[in-house]
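Could you put together the complete structure from these sequences and hints?
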Amino acid sequence: MTEMIQLLPQTRTPRFEVRFAETEAEILATQQLRYRIFAGELGAQIDGGDAGIDADQYDGHCRHLMVRDADSGEIVACTRILTDAAAERAGGFYSESEFDLEMIRALPGRVMEIGRTCVAAEHRSGAVIATLWQGIAETITREGYDYLFGCASIGLEDGGAAAHSILETLRGKYMTAASQRVRPYYPLPLADRRPEGAVRMPPLLKAYVSLGAKACGEAYWDRDFNCADVFMLLNVSDLNPRYARHFLGKGRSEAREAVALA
Numbered sequence: 000m001t002e003m004i005q006l007l008p009q010t011r012t013p014r015f016e017v018r019f020a021e022t023e024a025e026i027l028a029t030q031q032l033r034y035r036i037f038a039g040e041l042g043a044q045i046d047g048g049d050a051g052i053d054a055d056q057y058d059g060h061c062r063h064l065m066v067r068d069a070d071s072g073e074i075v076a077c078t079r080i081l082t083d084a085a086a087e088r089a090g091g092f093y094s095e096s097e098f099d100l101e102m103i104r105a106l107p108g109r110v111m112e113i114g115r116t117c118v119a120a121e122h123r124s125g126a127v128i129a130t131l132w133q134g135i136a137e138t139i140t141r142e143g144y145d146y147l148f149g150c151a152s153i154g155l156e157d158g159g160a161a162a163h164s165i166l167e168t169l170r171g172k173y174m175t176a177a178s179q180r181v182r183p184y185y186p187l188p189l190a191d192r193r194p195e196g197a198v199r200m201p202p203l204l205k206a207y208v209s210l211g212a213k214a215c216g217e218a219y220w221d222r223d224f225n226c227a228d229v230f231m232l233l234n235v236s237d238l239n240p241r242y243a244r245h246f247l248g249k250g251r252s253e254a255r256e257a258v259a260l261a
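The sequence shown begins at 0 in numbering that gives the first Met the number 0 and counts up by one.
No wet-lab data here; the hints were simulated from the structure. Idealized CB from N, CA, C, for every residue including glycine. A few of these clues could be false.
[To be verified] Label pairs and their in silico Cβ distance ranges:
1. 143 to 99: 25 to 31 angstroms
2. 46 to 23: 15 to 21 angstroms
3. 120 to 69: 17 to 23 angstroms
4. 174 to 14: 34 to 40 angstroms
5. 178 to 42: 35 to 41 angstroms
6. 73 to 188: 37 to 43 angstroms
7. 120 to 237: 29 to 35 angstroms
8. 122 to 182: 31 to 37 angstroms
9. 174 to 194: 29 to 35 angstroms
10. 174 to 91: 38 to 44 angstroms
11. 104 to 44: 26 to 32 angstroms
[Claimed, not checked] 16 angstroms max Cα-Cα, derived EDC-like pairs, lysine to aspartate or glutamate:
12. 213 to 237
13. 172 to 95
14. 213 to 156
15. 172 to 121
16. 213 to 137
17. 205 to 167
Here it is as structure tokens:
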């Protein structure tokens, strides 16, 4: 008689894990990743080049959220979170160097800013970005924030043609009401030509709009980073219900499917 063997279901360990940096070495690793992408890949002019790190006066007031590859131990994505309380100690939000944020101060409830978000080139997939957003969503719900905001960048390698095409889409579908606009200190200049071929939203910007965030007006021209920064605002109560089910209480494997990036 053939013996019947019942196999117990195996729990698969996620390849990517998200958590806050807990040591100076981990914070340094996020700053090094930022430098490799912003300076090395995008050509941004960043202080700290000799040390190979991207750091500024806000880092000490932020919590640094990172995605780690469990197979290699490498930190493959990160963002930093500056809460409303921490911003008071820091002298303001990072975005205030680019935009007039008077509107943010008038919002009811608690707010937090995410910034310096980046993903290693070889890991720019739905899995990694969704894992990062899972960590952000857990922070929002655990600590009771009402609004999330931050800048999503669009590269200007083509002289701004693609950026203006994306901004036109945002104006038509994903713009806040006039009462929730911010003013860029250096608006993006007009492009002298149309983009060649189809234009795709950068992954971070696409994740924002998928979650239900809205653009708060025209983009800021970041000449150091050669990009257009779009100020995005997410009212947590407006979170897209489809994605809320995945991010607020569901597993990361489901979250990965929720923000599958084209």
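Hints violated by the structure (numbers, ascending):
9, 10, 13, 14, 15 and 16
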